[in-house]
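Starting from the given sequences, assemble the full structure and let the hints guide the process.
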Amino acid sequence: MKNYVLTSIFIILISHTGFSQKSLTDEFKYKATYQITWQIDSTNAESVQTEVMDLYLGDKVSRFSSRERLAGDSLLQARKKNPKEFSGKFKGAPQTEFDYYIYKGVGDGKLAFTQKIVKDNLMYIQDMDQFEWEILPETKEFAGYQVQKATTNFAGRNYIAWFTPEIPISDGPYKFNGLPGLIVEVSDDQDHYFFRLTDFKILKEPVPFEFDPEEYIATSREKLLYALAEYDRDPFAALGKVGITMKFKPGQKEKMMKEHKETLQKRNNPIELE
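Going from the sequence shown to the numbering used here is simple: count from 1 and add 10.
A couple of the hints might just be wrong.
Each computed SDA-like pair below joins lysine to any residue, with the alpha-carbon atoms no more than 25 Å apart [as the list claims (entries may be wrong)]:
1. 39 - 147
2. 41 - 129
3. 70 - 129
4. 70 - 216
5. 70 - 139
6. 233 - 247
7. 126 - 203
8. 129 - 34
9. 257 - 274
10. 251 - 217
11. 259 - 246
12. 129 - 80
13. 32 - 59
14. 150 - 161
15. 185 - 225
16. 126 - 211
17. 185 - 247
18. 233 - 150
19. 129 - 68
20. 185 - 109
21. 126 - 259
22. 120 - 169
23. 120 - 163
24. 70 - 247
25. 159 - 147
Label pairs and their in silico Cβ distance ranges [said to hold, decoys possible]:
26. 159 - 131: 20 to 26 Å
27. 62 - 39: 18 to 24 Å
28. 263 - 218: 43 to 49 Å
29. 253 - 34: 32 to 38 Å
Please keep in mind that the hints were generated in silico from the structure rather than gathered at the bench. Idealized CB from N, CA, C, for every residue including glycine.
Structural data, given as structure tokens:
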């Protein structure tokens with residue numbers, strides 16, 4: 011196990027999850043693509059951004075992530091296998107605001123949220139059954155599918171979702187699941203977070219997949235958020251603790267930290283408020 015970047019809080023990251031530490035394999039047979047539109051600053055209606063997110067689905071497991079996160083990791087793996095081929099071409103970290111993976115079905119009714127902080131992969135486990143859905147009679151057509159309305163409350167927000175029984179997969183973007191069909195749209199009642207299905211396809215060739223919990227440091231959601239906050243507080247110090255140093259011109263580091271803090275102040279609207 012690697013040393014966590016902030017040694018003073020390392021000991022509190024380890025958490026008993028009650029989760030079987032066995033690896034599992036599956037094949038992704040379907041791919042659902044979503045566009046997420048979200049408001050970064052809750053006080054600024056103009057602070058809206060969009061990203062592409064992909065949900066890969068197998069018989070047992072699904073994986074949800076930003077396309078940039080997946081592309082960056084794929085490029086990194088290819089670079090490790092053949093460093094000469096990628097010499098001078100590697101661009102570094104992916105350009106995404108959603109630097110995580112969510113795996114549903116990794117245990118009996120469990121999901122895993124994983125995120126890498128500097129060099130360490132952290133993971134917390136939750137029940138998939140977090141949603142008390144109210145299925146309503148209202149229907150409409152969406153991209154050729156008949157869809158039905160449902161509502162729920164999750165992590166401090168009220169959500170409206172539309173799902174289609176025509177795709178009988180009880181899954182959706184982010185942590186959302188549990189409806190009798192694929193979720194094609196879901197948004198909170200303030201439209202601060204809005205997921206919309208833009209494509210659904212059966213993969214011509216199934217993609218082999220393996221999930222190994224031993225690759226992660228087990229923790230809790232609260233402790234992972236704390237670790238992220240500590241990293242955001244001083245990312246240069248966190249990098250320095252793992253031997254990554256940067257050279258700065260006079261005043262450059264202070265300027266970058268000032269800009270970093272100003273950016274963080276505007277990122278005040280996480281999807282989970284509770």
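Evaluated hints:
1. Note on residue 39 and residue 147: the hinted pairing is violated, with a Cα-Cα distance of about 31 Å set against a maximum of 25 Å.
2. Between residue 41 and residue 129 the alpha-carbon distance is near 29 Å, which puts this suggested pair outside the 25 Å criterion.
3. Using a Cα cut-off of 25 Å, the hinted pair residue 70 and residue 129 is violated, with the two alpha carbons roughly 29 Å apart.
4. Of the supplied pair hints, the one linking residue 70 and residue 216 holds, its CA atoms being roughly 13 Å apart against a limit of 25 Å.
5. With a C-alpha separation of about 16 Å, the suggested pair residue 70 and residue 139 falls inside the 25 Å cut-off, and the hint holds.
6. Between residue 233 and residue 247 the alpha-carbon distance is near 19 Å, which keeps this suggested pair within the 25 Å criterion.
7. For the hint pairing residue 126 with residue 203, the CA-to-CA distance comes to about 23 Å; that is within 25 Å, so the pair holds.
8. Between residue 129 and residue 34, the direct Cα distance comes to roughly 24 Å. Compliance with the 25 Å bound is thereby established for this hinted pair.
9. Distance restraint check for residue 257 and residue 274: the Cα-Cα separation of roughly 23 Å lies within the 25 Å cut-off, and the hinted pair is therefore satisfied.
10. Between the alpha carbons of residue 251 and residue 217 the distance comes to roughly 37 Å, so the proposed pair goes past 25 Å and is violated.
11. With a C-alpha separation of about 15 Å, the suggested pair residue 259 and residue 246 falls inside the 25 Å cut-off, and the hint holds.
12. Of the pairs offered as hints, the one joining residue 129 and residue 80 holds, with about 17 Å between alpha carbons and a cut-off of 25 Å not exceeded.
13. Proximity of residue 32 to residue 59 is assessed by CA-CA distance (about 38 Å); at most 25 Å being required, the pair is judged violated.
14. This hinted pair checks out: residue 150 and residue 161 have alpha carbons roughly 15 Å apart, not beyond 25 Å.
15. Annotation: proposed proximity of residue 185 to residue 225 holds, straight-line Cα distance about 21 Å (limit 25 Å).
16. In summary, the hint linking residue 126 to residue 211 is not supported, as the alpha carbons are separated by about 29 Å, beyond the 25 Å threshold.
17. Proximity of residue 185 to residue 247 is assessed by CA-CA distance (about 32 Å); at most 25 Å being required, the pair is judged violated.
18. Restraint check for residue 233 and residue 150: the C-alpha separation of about 41 Å exceeds 25 Å, so the hint is violated.
19. Distance check on the hinted pair: residue 129 and residue 68 sit about 29 Å apart at the alpha-carbon level, beyond 25 Å; violated.
20. The suggested pairing of residue 185 with residue 109 holds, with an alpha-carbon distance near 15 Å, which does not exceed 25 Å.
21. About 29 Å separates the Cα atoms of residue 126 and residue 259, which puts this hinted pair outside 25 Å; it is violated.
22. The suggested pairing of residue 120 with residue 169 holds, with an alpha-carbon distance near 21 Å, which does not exceed 25 Å.
23. Taking the CA atoms of residue 120 and residue 163, the gap is near 19 Å; set against the 25 Å cutoff, the hint holds.
24. Restraint check for residue 70 and residue 247: the C-alpha separation of about 40 Å exceeds 25 Å, so the hint is violated.
25. For the proposed pair residue 159 and residue 147, the alpha carbon gap of about 7 Å is at most 25 Å, so the pair holds.
26. For residue 159 paired with residue 131, a C-beta distance near 38 Å fails the hint of 20 to 26 Å.
27. Under the hint 18 to 24 Å, the C-beta atoms of residue 62 and residue 39, about 20 Å apart, fit the expected range.
28. Take residue 263 and residue 218: their Cβ atoms lie about 44 Å apart, and the range 43 to 49 Å holds.
29. Separated by about 34 Å at the C-beta atoms, residue 253 and residue 34 satisfy the suggested range of 32 to 38 Å.
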